[in-house]
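Use these hints to put chain V onto chain G, whose structure you have.
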Amino acid sequence: MTERIIRNDLLGEQYYEIEHDSGLRVLVMELPRYTGAFAMFGTRFGSVDTCFKRSDEADYTTVPDGIAHFLEHKLFESEEKDAFERFNQTGASANAFTSYDRTSYLFQCADRVEENLEILLDFVTHPYFTEETVQKEQGIIGQEIRMYQDNPDWVLVLNLLRAIYHANPARLDIAGSVESIAEITPALLYACYRTFYNHSNMVLAVAGNVTKEQVLAVCDRALQKEAPVRFEQIVPEEPDTVAQPYIEAVMPVELPKFALGFKQPAQPLVRSDRETVAMEIALDIAAGKLSPLYHALLEKGLINPSFSAFYFTGRGFAVPMIVGESADPAAVREAVLARIEALQQNGISDEDFSLSRKQLYGRAVRGFNDVDDLAYQLTDACFRGSTLFGEIESFRAVTKEDVTEMLGRLQSANSSFSVVKGAKA
Amino acid sequence: MKLQKICKGVRLAGCGAAQFKTAAVSLSLLAPLDEKTTVRALLPGLLARTTKEYPTTLSMNRRLGALYGASITPSVKKQGEMQVLTLTLTTLDDRFALEGEDVCTEAIGLLCDCLLQPDVTQEGFRPENVRREKALLRQRLDSENDDKRLYALRRMTEEMCRDEPYRRNPCGCRDEIDAITEKDLLDCWMDLMLHANVLVAYVGSLPEETVAAVLKARFSAVQKQELPELRTEFLTESYGSRTVRETQDVQQGKLVIGYRAGMTYEMDNYAAIRLMTAIFGGGTFSKLFCNVREKMSLCYYCSARLVRHKGLIIVESGVETANAEQALAAIRRELDEVRAGNFTDETLAQAKRALCDSLRSVTDSSFSALSWLESLGMSETFRTPQEFAELLQSVSREEVILAANLVTEDTVFLLQSGRKEAQA
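Heads up: the protein sequence lines correspond to chains G and V, in order.
Quick note: the first sequence uses this note's numbering, first residue 1, plus one each step.
Quick note: the second sequence uses this note's numbering, first residue 426, plus one each step.
Extracted from the complex, chain G is given alone in its bound form (with noise of 0.2 Å):
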């Protein structure tokens, strides 16, 4: 077992780093000004996981879309008691979700820390699926989708992904849809489980009133050391160029909703928090609440403070997106990308780049107040390969001309433009 101590002397926080004996990472970051802790258990093994070939194995594996969150809900049953009904004698609140390129094991507890663990572990560690039960699932997972399928927020992103991207596993839906999950067995299930969920594949995040010491005699007592699993996912080859400049969808929605997303390079799969944060300056400088376009678009009546901007990423997949409502999304568009084209041509001032930094910076520090935004931090920095404080760090560290940079990248011609709108519209 090996451990290190990672620090940030601005924020006077710090957080263990510990190389567990069963092949898990573990990190605890004790904070006892709290009452209670939140834990996270999170696995790579998202919606964009389609296609992967392990090591030992000759042949590729392809499993239906949406199994990775078909799996996060039947992780919770067992043979005996269900993993709701142990967290029920505790007290606890526990929850899972899946997204693109992770699943997530979670709990929030006032008390009983260590029992809490203990189950979290547990369960995650002891998968047991039968077609009986399996076949279950699909109702109420079905359900899932459809109410996903009545939220126009949820579609106008699966369609921006889908404009942008061509082949890129981005686009499907995380749930799957009703067809590709009745396709689901015990088996596939269980060739994904033993695939995505070894050790070294994972990682352990809590953050509270608990210890070091705590955690890890919980994970000495319920965890097995296991092998690391070799794999590679197959990531297809993909285009530079958008797949189609617009996509629309009808749906009972008053104002239309749109989404522009403009196309990046294919590499790296995982964005650096350098990156990252000069993006999100770029993006505010464009089109944030500091930026003129902003202002004048809100006075013309043809935005509302639902306007944003931000970086979406993930493993495989980053696309920088301006959200919002308008009556008239088009006009919203071509005034966006008429701001962005002047920036490109005029360049940053010092005053706008120096202002939007410091509102970034001091958003990120508001990120350091909850644990269940530390824990959820702590798991997805350790994805990305860096630290808790890597993103905080890049804010002193970042220049104009990275911000330069990133604004070079916003190109009208490789762009997508979502909407959706009622059919009255």
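Please note: incorrect hints may appear among the correct ones.
[As the list claims (entries may be wrong)] Okay, derived cross-link-like pairs now, DSS-like style, lysine-lysine, Cα gap no bigger than 25 Å in a straight line: (1) V:Lys559 <-> G:Lys421; (2) V:Lys559 <-> G:Lys81; (3) V:Lys559 <-> V:Lys502; (4) G:Lys300 <-> V:Lys559.
If you're looking for bench data, these hints aren't it; they were derived computationally from the structure.
Note that the coordinates shown come from a computational prediction; the quantities given were computed from them, not determined experimentally.
The following block gives chain V in isolation, referenced to the frame of chain G:
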């Protein structure tokens, strides 16, 4: 956590908490839900987005940017039969300012300016600002129809409380927006300054007394009057259940059921009813989760919650239209089970543990601590999360059963999927 009086009509519910790296402060004006709801609903946006000193949204936003991205967010909601108009500030703690600036007190001063120093003339608020806020309020009211879960919930409430002030949307009526003038808004603001009670909620690392001092200095100039608490009417019993159906072009139906909880005021029999609601449908141990979701596999969500400030219990579920009647029958059956006492002592203990655990975690998030202070600071009796936990612990099984037998079904609202518009 404590509640203190700043001056006439202004109270501070504060929680100095060194673990946080921010200060969160909300200023809420409390008004009745009445015929002036729409004009008041325009005020938070007008007040939050500009001030006398920063008269454009751009200058205001750049000032907030310089305060390390502080934000002042307007909101309108109802609590019981009160319309609550709120400006919420979030700002960085001074310790993390890169150049040693006084971020916190500057930002709190700016928040006070929003409420006390708006950009007005004798004729009223600026026409361009009023135009903008009217357009935003229209959009907001329109977009309330987009989220079908919230839409169904709102429609059920309107139908259930059609003869009570609670039917009103706190954001007002779309039809009334056009006729409102700049002067109406000025009169409304001046009236609120004098006659509305103000609740300030604060969570942050500055001591409560520092914040209290800033507020005292700012609010002492306002000649506020002390006003009685606003009252909410509680109907203890339903006059019989009625069903309302609507059809829209949606994938999934929404079933919402409203019950009268048998309460006569917000703390009346509160602890027993809160636990009863939890056993019925408030967690993964509950009857609705275990049976309607897990065993019957009918819906992805099916849960019950208590609206303490109005004495309502509301069940929400997303369900295939073809299965809606089956789900409704199952939900009714589960409530009957609770009424008959068909739940184990273990389930009661689980409900207590879950509720108390989350109460004890309230101060682990600045947002949940602030919400707690806002909600309790407006109530007649201020209690800490710890005091609520003690109340819940003392409830017996018999009290839960008695509480369940006071609950009466009032209104069933079903949003069905189909091609037709509304039907009777």
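Results for each hint:
Using a Cα cut-off of 25 Å, the hinted pair Lys559 (chain V) and Lys421 (chain G) holds, with the two alpha carbons roughly 22 Å apart. At most 25 Å may separate the alpha-carbon atoms for a hinted pair to count; Lys559 (chain V) and Lys81 (chain G) exceed this at roughly 54 Å. Straight-line distance between C-alpha atoms of Lys559 (chain V) and Lys502 (chain V) comes to about 17 Å, which keeps the hinted pair within the 25 Å bound. The straight-line distance between the Cα atoms of Lys300 (chain G) and Lys559 (chain V) is roughly 12 Å, inside the 25 Å bound, and the hint therefore holds.
When each numbered hint is compared with the structure, a violation occurs for hint 2 only.
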